[in-house]
Structures are given as structure tokens and as C-alpha cells.
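Need the complex rebuilt from these two chains, each delivered in its own frame; the hints are there to steer you.
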Amino acid sequence: MATSTDNIEQLANQDYKYGFVTDVDAEAVPPGLNEGIIRIISAKKGEPEWLLEWRLKAFRFWQTMTAPQWHNVHFPPVDFQDIIYYSAPKQKPKLESLDDLDPEIKATFDKLGVPIEEQKVMAGVAVDAVFDSVSVATTFKDKLAELGIVFCSFSEAVRDHPELVRKYLGSVVPASDNFYAALNSAVFSDGSFAYIPKGVKCPMELSTYFRINAAQTGQFERTLLVADEGATVSYLEGCTAPMRDENQLHAAVVELVALDDATIKYSTVQNWYPGDKNGKGGIYNFVTKRGKASTNAKITWTQVETGSAITWKYPSCILQGDNSVGEFYSVAVTNNYQQADTGTKMLHLGKNTRSTIISKGISAGKGQNTYRGLVRIGKNAKGARNFSQCDSLLIGDKCGAHTFPYLEVRNTSSQVEHEASTSKIGEDQIFYCRQRGLSTEDAVNMIVNGFCKEVFRELPMEFAVEAQKLLGVSLEGSVG
Amino acid sequence: MLEVTNLHASVAGRGILRGIDLSVKAGEVHAIMGPNGSGKSTLAAVLAGREEYEVTAGSVTYDGRDLLEMEPEERAREGVFLAFQYPVEIPGVNNAYLLKAALNEVRKHRGEPELDAMDFMALVKERMQVLHIDQDLLKRPVNEGFSGGEKKRNEIFQMAVLEPQLAIMDETDSGLDIDALRTVSAGVNAMRSPERATLVVTHYQRLLNYIVPDVVHVLSNGRIVKSGGKDLALELEEKGYGWIEGVAEQVGA
Ligand SMILES: Nc1ncnc2c1ncn2[C@@H]1O[C@H](COP(=O)(O)OP(=O)(O)O)[C@@H](O)[C@H]1O
Ligand SMILES: [Mg+2]
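For the protein sequence lines, the chains are A and B, in the order given. Just so it is clear: in the first sequence, position 4 is 4 by the working numbering, and no numbers are missing. In the working numbering, each residue's number is its place in the second sequence (first place is 1) plus 480.
In case anyone wonders, no lab produced these hints; they're calculated from the structure. Using N, Cα and C, we set each Cβ at its ideal position, and we do this for glycine too. Among these hints, one or two may not hold up.
With a straight-line cut-off of 25 Å between C-alpha atoms, the simulated BS3-like cross-links for lysine-lysine are [to be verified]: (1) A/379 x A/424; (2) B/619 x A/424; (3) A/201 x A/143; (4) A/453 x B/619; (5) A/398 x A/277; (6) A/345 x A/379; (7) A/469 x B/588; (8) A/45 x A/167; (9) A/424 x A/398; (10) A/167 x A/198; (11) A/469 x B/619; (12) A/141 x A/201.
Examples of chain B residues lying across from chain A (beta carbon under 8 Å, computed) [said to hold, decoys possible]: (13) 528; (14) 530; (15) 545; (16) 549; (17) 552; (18) 556; (19) 571; (20) 572; (21) 573; (22) 578; (23) 581; (24) 582; (25) 586; (26) 621; (27) 626; (28) 638.
Excised from the complex, chain B in its bound form (with noise of 0.2 Å):
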């Protein structure tokens, strides 16, 4: 469904990603670990098409398509979501109207029709049960004032309502609590499904308990410097990201 083909890309001016080879196929979770700064928010940036990352060099298809083509819209309609590591606040936008809106482009893009508000309602009301989330959070202004927790819960929930077919997830376990990373997990196993694949970016191995990955690849300094199954998370957190610096220094050599 994705692949990922030596992937260059820089910021302001300065190379983060330098060769990035990535195989995702449809029905796959794969996990992308690695310390602060390595680069995983800036490839899953890339993914989405923010356009102040640069991709210098390498290629990226996605169900056969060029995906750096598209616009940011194109793709998301496409069934490419980004579960952000910062959700981003919009101040007197109903977050329910956000998500109508979102729903609407993504069913028209589609060729179905377009929800009215009490099919939308109805949908939204399912998933929200799915996920605890209060219903009062619909009506609330997107993500103002919402606690830290709250926001990432409402990332899984716009995901719940949207069933992308790519969704890329960073860092959404940061942040929440034990029984808010239950729920949120089971929130993503439920989605899980032959025709879609997940991209669980970590730092923490923790996650990857509840959201258990097919592959672990761990990213390090702008490169994927190790990959394996789900154990290699266990060592990784065994050993501390120290263990992969070393490793990263053999792969550059």
C-alpha cells in the first residue's frame, strides 16, 4: 500500500530525513520508534504533504500513486490520516462541524452521498461510545481548551469517524493515562482490517502492548537503522536508545 523509497527531506534549510526505505502493505501495523528528534513527526509531515518540508530526494507511492503529487486535501480524501503529535486548536469551529465537514469531502471524493446531520449524528454517537468520549467534546471549539489527553482522544475519534485506509498515528500515547491508552487502543484494534494498514509512531514500547505491530522499525538520526518484529521493541526498551546510537554508527560507516 505504501512504499517508501529512499526518502530525503529537509527543513529551514536542513536535511532530517537522509534515506528512508519503508514497505507498508495493506493490512499491516508497523511501528516507528526512535529517540527525540530522530525524525518520525517530520516523515509522518511528509506523508501528509506539510509543505514546508522539503523531500529533497527518493519517491513515495502510495496503492500505486505518487503520493508527493498530491495536495494534502487529495490525500487525506484518499484515506490518508495523520493523528497529530500536537493537535492543533481552532478557536469558535465546532468540532463536530469540522468533522461533518471532513466526513462529507472524504464520502463525496468517493462518489457517495454526503451525510445530513442526523445520519452524521448517529455514526458519531456509535464511535464516541466506542471510545468513552463525552458527548459534550462535540460541541466544544476544535481542541481549545481540551487537556492534553483529550486531544489525542479526539485525533482516535475524528479516525473512528473517518476509517482511513492509511492512518499514521504520532505519538498519540503521549500524554495518556493508562486507562485513556486502553481505550484509544482498543479504539485502533477495532480498525484493524485486511484492507487497512497503521503507522504506530512511538517513543515508548508501552503502546505497542495494547497496539501490538507487525514490524518495529526504529528510526535514528533521520535513517531506519534497525527493523524487526514486535520483540525488537522489548529489547529496544531494554536497552535504551544508547544501544541504537552504536547501531546507527555502523549502519553510516
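Next up, chain A with everything else stripped away, as it sits in the complex (with noise of 0.2 Å):
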């Protein structure tokens, strides 16, 4: 176990000696952080000079501010000056061949049913003729350019439609939010943007094409959705392949708009590297993610959250319009050393507002899973209501499963349901199943994913039958 993770780490470093020899750029910035690196990084990528006085204005508030210490995970305080806050595209490690690749990832790859080709792209595998990314990624983008949706980079947006960007950029989650969204807002290095004209049903699942993007993107990752008056988008971010990567901290910021009548569903499935079984190593992913729900318009997210070291991330949604809906489904598993403090935020501002939480922790090993929600309800939220259900489920006795909830309501006329439960996989349910012919492993998976059901039935389909799958992955060994 250690070797193979000595020689990963070992490959990556190669690699990247390589990528520092060729790459000019990447030595011209120095770990650390001040203005300065800030102007450089602005300059790199050609932005325009709002763009540089948002992330400097942003900068100066992160400066008076200290990481929170409010959550329930803990870690060593991470040193901000010692990060490169800036290097030219990412070199992945380049592959001759999957051979090369790490035995267990591949195994994994594998179980997940990731197609060879697509293996290689996320690998960093040089991809041969065979297998065109640019041009499936192209054939896409003419489709979606003909019904008028923008779907691209954080940097191609801010090239090519800068008003855009300008006009919602932190409209949702503000520079000055919290210590991380601060952080993220000085630094951003890219990330995706999409926007949804009027009245426009997005056809397909903003999903293949990004899937393939994504293994590129940075620690400090910015995501912008605008779903216009009546538009229609279902977003899947993240990969299902376990993503090694240097960066320890990953600061993400996503921010979902949805005027009047709009809907979007956002759905993530997180895999990154968990750390060892010893918790060593590992990403510490502080993500803020935000929505803002116009007259009518309804905000989905659902997340099965398996990777990291430490997750910290509560999707939440504004609930501004009047009769707009917000709804968080969410899996969370925490095995080995793996922490998470992970939940929503439900703010009901308009009248007959409606929110629906459904949270699955699941806890294993010496894992901790924490759930924290708040439900606030206005003075002026008439009718307003709101369902909340926290459930947990511990395999073995050295994990912990944790509920915060809070309740703030301002409106008598609210509807507010609460329901929570903890269980255990229990020796007898394993037994049973193995009474029947299933080996202990598939119990484990069959019970867990029936402890999900209600929230992988929210994932598209594909996703969901990975997300299974998945699950299985990152429970190995968990039982017996």
C-alpha cells in the first residue's frame, strides 16, 4: 500500500521536474501570496483590469480574515505562503501507456467501468488518433452554440463575454463570504462557465465533455451557471476516477443563478484522494457552493461526496423568489482517517418557498462524518416550508456520525419537519445476506446503496449506476 503511493508520488515529482524545465512560466512565480503574485496572475491570463481590482479588493478582506475553526474536522493549520498560487496549465504526468499507470488506479478504473479511452485522458496518457477529445468536446459546443448556450472555461468566458461574467461573478457567493470564497476570489485560477439563454431546455447533461475537462482543472477552481428566464440545465461536475494531486488544499467556489422560472440540477460526485490508511496524505477540499433562486425557479443539488481527506462544503440555496425551490440531496462517506463536515444552508426569503434536505451520512473505519444545516426561514417567507431527514449509518465501532442541525424561524406561518436517525450495518443484516449467497462485500454494497437509494435516485442515471459503484470502491475493507 505504501509502496504504491511512494511511487506515485515518486512519478508525479519526476514529472513535474519536467514540467518546470520547459515551462518558463511556472518558474517566474514563487510560493506565497501578496499583490504582487495577485498582478501576475491577472496578467497571465490576459484579464481585464475589473478582473484584477475584484481579486485585490478580494485579497485585502481575506488578509483581515482567519480561517474558520468552527467546523467539526481537524487538521494541522495549513501555511498559505508556502502554496504556488500560480503555474501555466498543468503538466499532468505523461504516460507512455496505461501500462504505466499506477496498478491500483487502474484497478479501480476498472471496477468503475471507465472506458480505456477515457481512462487515458484522465490518466495523462497521450491520447493516439483514435480517440479525438477535441473533437467530440467540439461537436458538442456546436450544438449547444445553435440553441445559444454558452458553455465553456472560467478564462474563455471572461474573453469572450466578459458581461456576462461581470454581472454575476460573486453575485451569489460574494469575495468577501467566508475565509476560503475570499481566498478563492484573489486567486482563482480557472474553472468552467455556462449560461442558459431564455426559455432554453439545455438538451443534453453538461457532463461527457466536462468530465474530460475536469481532470485539468487547478486547486482554486471557479464555477459560474447562469440559467436565464425559463431555462432548463443539469450540470454533472467532477470525475468518478480517484484524482491524485500534489495540491493538499483545494478552495472551490460555484455559483448557481436561476431567474424567474429556471431550473438547474447540480450534481457532484467527489473522489479525490482520501490519504492512506494511516490518514496520511490526502486533499483537504473547502468548497463554497451557492445558489440563487428567483420567482419560480428550483435549485437542485446532490452530491456523493467519497474522496478527500477533510470535505467542508454546505450547497446551499437563496431562496429569494417567491415560490422557488431549493433541495439538497447529499452522500457522504467517511472511511479510514477521512473527515467530513458537510450539509446545506435552506435561507427562505420568499413567500411559499419550499426546501427539501435529504443527507446520508455514512461513516467507517475511523471516519467521522458531520452533518450541519441550517434552515432559516424570514419574516417575510409566508407559507414557507421546509423537509429535513439526516440519516447515518456506521460500519464498525471506531467511526462517529454527528448532526447539527439549526432552525431559525421568523415566520409563524412556516412549516418546518425534522427527522434524523443513526444505524448500524448490522453483523445480522451482513449475515443474512451471506446466508443468501452474497459475499460479505456485496452485502456491504447492497446495504449501503439501499441506505442511498433516495438520493442516488436525484443522479442521472449513469452517474448513478458509478456512483454505486463507486461507493463499493471506497468501502473495500471496511467490513471483516
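Pasting the structure below:
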């Protein structure tokens, strides 16, 4: 186990060196963060003046802030001056063929059923002409462009659609929102941008294309999604294969804007490197995700969080318009020494706003899983309704589950319901399945998937199948 | 088919089975009766491979193989089926889903092709009719919210689909009304064949009117204290378990 992790690190370090030799730009930026660095980042990306100012303002604000301490996760302090905030488009280690790939990762790819050609792209294998990812992407783009849909990298959006970016950037998550959001706003590298025009129903899941691209996204990712009046879009973020990355800290920001009558469905499967079985290494995933829903709009967050050493994220909905709807469906898994503090905020501002929260936490090994959720019903939110259900499933007796539901109701005509449960996968359940011929592993998978059913049901079909398999992989060896 | 020799087993450090000898041939139905706490379920659990029951002495062979060496799932795939006294609830897991997975494990093990959803449903529907089981039972989560009777029926239904070689039924009759008892018995009798054997664990003689055993054993305090034909069950019913305690003392002496 330890050896193969070392191998990967070796491999990564080697190629990293090569990357430095050939890439003069990357050498130019030393570790650490100051206004000079931010100016360099902005200049290298050829950004307009207003965006540089926006970054600087965020940076100045960030300097006045301290990292949050209220969450239920534990880790040594991050040295923010020891991080390199800009390196030219990231050089993934180039492998000659899939045979050079770490067998452990390869095995996981196979278990997840990731097609060979896609494996190559994600692993950074030089792709031959058989699979032309660029042309696949272009085909999608042409089709989307016909409908006026914009879907591109954040940098491209800044270049090609500055008016849209300027109008909506920071409109849901202000730069001053929280420590990590401020940091992201100052130094964000790249990310994705989508705009769906009025009344357009996006004809495909924005997924395949993104999935291929996603393997290249950096440490401080920025995503902005705008669904104009009456538009509908379903967006899939992430990648179900294990992503190893030398970056310890990931601080992304995602903003969703759903204008009147629009619908946004945002699904995430997060499987960053969780660290080894002894809790060494792994990603700190500190993400700010929030959507703002106007009149009659609907925002649905669905997340399956199985990776990262530490997950800290609360995809939230500001239900501003009357009759707007917010939904949060979450599965969070912690195994070995993983820690997750995740949940949502549903802020009911408009009349007759409705929200649903379904959270499924699974803890195995020494994993610690915290649900933290806020439902706030404002003074004017007449007739608002919320239903929350938080279930925890424990595998073994060294793990933990914690639930912190916060409730602020300032309106008497609203209706709020909260249900919670904690259960343990019983020996007797496993034995029952084994007596019917299933292996222990299959039994645990089946029981866990049963537990998560209400959330998986919300995922697009193909993603749901992968999420199920992924859950199995994440919990491997957690029983018996 | 099944040879149990001098089987001793303990749970939580306490000896429960204290020397069981039992020989079941293909085609036979054996009943195991005995008062509460005599070790009937323990015997069933040991045969199925439940890990908290530790075998401290003795041996069990099944089709000439050492059963105790086999993992529980391997026993199941080799045709050992336990209808649980207390079937376990598995929330969120569809009853049909578990059953299909189970059936395909058995088929894979036998080198047969796995059944697809269509063929599986056809098979299942046929078995459901025989056992008068409601279709919607299939779609419900395994045993969750089932009545006592439904749980027992579901066990027999699973058995009918999996067609085990050695079926062990642990108090399947308790909690069944007379109609349910009849349908369940009919289901079990329909499966009787020269290749199969059944171990019927029961507290009451009543079930044995419907599933007529070839041999009846009386278990007391971890030992088989008396074996006989189907009439032994009637005698036991008449004289009560107190009679057996007396016999047990003689055997123990
Ligand atoms: N898991 C267990 N832990 C502790 N004691 C047990 C356990 N299972 C059974 N026993 C004990 O073993 C004895 C036999 O139980 P059991 O086999 O269930 O009897 P029966 O099925 O004949 O009623 C009882 O005294 C019971 O309390
Ligand atoms: Mg019993």
C-alpha cells in the first residue's frame, strides 16, 4: 500500500520536474501570496482591469480574516505562504501507456467501468488519434452554440463574454463571504462557465465534455452557472475516478444563478485522494457552493462525496423569489481517517418557498462524518416549508456520526419538519445476505446502496450507476 | 447428505450444543423439536456458518465435504438454505433485488448463466402464485414493515426460488395462522424430492401434520435425547416437554 503511494509520488515528482524545465512561466511565480502575485496571475491570464481589481479587493479582505475554526474537523494549520498560486496550465504526468499507470488506480478505473479511452485521458496518457477528445468536445459545443448556450472554461468566458461574467461573478458568493471563498476570489485559476439563454432547455447533461476537461482543473476552481428566465440545465461536476493530486488544499467556489422560472440541477461526485489507510496525505476540500433562485425557480444540489481527507462544504440555496424551490441530496462517506463536515443552508426569503434536505452520512473505519445544516425562514417567507431528513449509517465501532441541524424561523405561517436516524450495519444483516449466497463485500454494498437510494435516485442514470460502484470501492475492506 | 457427529458449540463462552449426532439422507425430512432454549436455533446457525457460534468439538460433513470449513456464502451456494426464525430487515434494499442477486450467485456457482430481469420475473411470479404471495411484496424493502407472517412466508418464497438441496427451517410455523401454515406447507411439500433434504425445526407438533417428517428428533439441553418416527411428535405433544426432561436426565446420567 505504502509502496504504491510512494511510486505515485515519485512518478508525479519526476514529471513535475520536467514540467518546470520546459515551462518558463511556471518558474516565474514563487510560493506565497501578495498583491504582486495576484497581479501576475491576472496579467498572465490577460484579464481586464475590473477583474484584477475584483481579485485585489478580495485579497485585501482575505488578509483581515482568519481560517474558520467552528467546523468539526481537525487538521494542522495550512501555511498559505507555502503554496504556489500560479503555474501554467497544469502538466499532468505524461505516461507512455496505461501499463505505466499505478495498478491500484487502474484497478479502480476497471471496477468503475471507465472506458479505456477515457481512462487514458484522465491518467494523462498521450491520446492517439482513435479517440479525439477535442473533436468530441467540439461536436457538443457546436450543438450547444446553435441554441445560444455558452459552455466554456472560466478564462474563455472572461475573454469572450465579459459582460455576463461581470454581471454575475460574486453575485451569489461575494468575495467577502468566508475565508476560503475570499482566497479563491483572489487567486482562482480556472473553472467552468455556462449560460443558458431565456426559455432554452439544455438538451444534454453538461457532463461528458466536462468530465474530460475536469481532469485538468486546478486547485482554486471557479464555476459560474447562469440559467436565464425559464431555462433548464443539468450539470454534472466531477469525476468518478480517483484523482491524485499533489495539491493539499482545494478551495473552489461554485455560484448558481437561476432566474425566474429557471431550473438548475447540479450533481457532484467527488472522489479526490482521501489519504492512505493510516490517514497520511489526502486532499483538503474546502468548497463554497451556493445558488440563488428567483421567482418560481428551482435549484437542486445532489452530491456524492467519497473522497478527500477533509471535506468542508455546504451547497446552499438562497430562495429569494416567491415559490422558489431548493433541494439538497447528499451522500457523504468517510472511511479510514477521513473527515467530512458537510450539509446545506436553505435560506427562505420569498413567499411559499419550499426546501427539501436529504442527507445520508456513512462512516466506516475511523471516519468522522458531520451533517451541519441551517434552515432559515425569514420574516416575509409566508407559507414557507422545509423537510429535512438526516440519516447516519455506521460501519464498525471506531467511526462517528454527528448531526447539527440549525433552525431559525421568523415566520409563524411556515412549516418545518426534521427527521434524523442513526443505524449500524448489523452483523445479522450481513449474515442474512451471506446465507443467501452473497459475499460480505456485496452484502455491504447492497445495504449501503439501499441506504443511499433516495439520493442516488436524484442522480442522472449513468452517474448513479458509477456512484454506486464508487461507494463500493470507497468502503472496500471496511468490514470483516 | 448431512452427517453431524458429536457436535459441540458455544456462544459467548457458554457451551450450548453438547454432542449432537444427526444423519440426514437425501430425500428425507427430519423434524427437530425441543423446548425453548434447548439449542435448536444454535444448531441451525452452526450449520449455516454464523461466526459467533464457535464449534468446540465434532464435525459436520455435507455431501462428503467438511461443511465447517466453508464460508457461509459458499454453503449457501452449495445449496444450504436457512429459513430464519427472525428474518432480518434491510431498509432500502428491494426484496426482488436481493433475491435476484442471491439466485444469480447460486447459478454462477453452478456454472449456469445468470438470469436477466425478464426470466427472473417469470420464475418469481410462478413461485409467488403457489405460495399465495402478493406481488407488491417483491417491491418492498427486505422484511421491512412485514408482518410476522409475511416475513415467514417471504423466507419460504426465497427458498422456493433458490431451490436448495438442504433446507433448514427454523420455527417457520410460529406466527402463522392456519391458512398460512397450509400454504407454506404446500410450498415445502412441493419441493420434496429424492435429491433434497429438509430439517424442520419446530416447537409444536402442529406443523408436522402438514409436513410429515421421516424422522423426529427431540433436542434438550444441547443434546438429541430421543429420535423416532412421526409418531414421536404426537407422543411429545401429548406428554409435554416435561416428559423429555426426564428422558434427558436418564441420557445425561
Ligand atoms: N448469541 C447468543 N448469545 C448468548 N446466548 C445465546 C445466543 N444465542 C443463543 N444463546 C443461548 O443459547 C441457548 C439456546 O438458544 P437457542 O439455540 O436459540 O434455543 P432454541 O432455538 O431451541 O429456543 C439459550 O440459552 C440462549 O439464551
Ligand atoms: Mg429458536
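Evaluation of the provided hints:
1. A/379 x A/424: violated (40 Å)
2. B/619 x A/424: holds (23 Å)
3. A/201 x A/143: At roughly 13 Å apart (the allowed maximum being 25 Å), residue 143 of chain A and residue 201 of chain A satisfy the hint.
4. A/453 x B/619: holds (14 Å)
5. A/398 x A/277: holds (14 Å)
6. A/345 x A/379: holds (17 Å)
7. A/469 x B/588: holds (21 Å)
8. A/45 x A/167: holds (20 Å)
9. A/424 x A/398: holds (12 Å)
10. A/167 x A/198: With Cα atoms ~16 Å apart, residue 167 of chain A and residue 198 of chain A stay inside 25 Å; holds.
11. A/469 x B/619: holds (22 Å)
12. A/141 x A/201: holds (15 Å)
13. 528: holds (5 Å)
14. 530: holds (6 Å)
15. 545: violated (17 Å)
16. 549: At about 15 Å, which exceeds the 8 Å cut-off, the nearest Cβ of chain A leaves the hint on residue 549 of chain B violated.
17. 552: holds (4 Å)
18. 556: With a closest approach of 4 Å, the residue 556 of chain B hint holds.
19. 571: Since chain A brings a Cβ to about 6 Å from residue 571 of chain B, closer than 8 Å, the hint holds.
20. 572: Since chain A brings a Cβ to about 3 Å from residue 572 of chain B, closer than 8 Å, the hint holds.
21. 573: Status holds, d = 4 Å.
22. 578: With a closest approach of 7 Å, the residue 578 of chain B hint holds.
23. 581: holds (6 Å)
24. 582: holds (4 Å)
25. 586: Where the cut-off is 8 Å and the nearest Cβ of chain A is about 5 Å from residue 586 of chain B, the hint holds.
26. 621: holds (7 Å)
27. 626: Check failed: Cβ of residue 626 of chain B comes no nearer than 13 Å to chain A, outside 8 Å.
28. 638: Constraint on residue 638 of chain B satisfied, holds at 7 Å.
Checked against the numbered hints given earlier, this structure breaks hints 1, 15, 16, 27; the rest are met.
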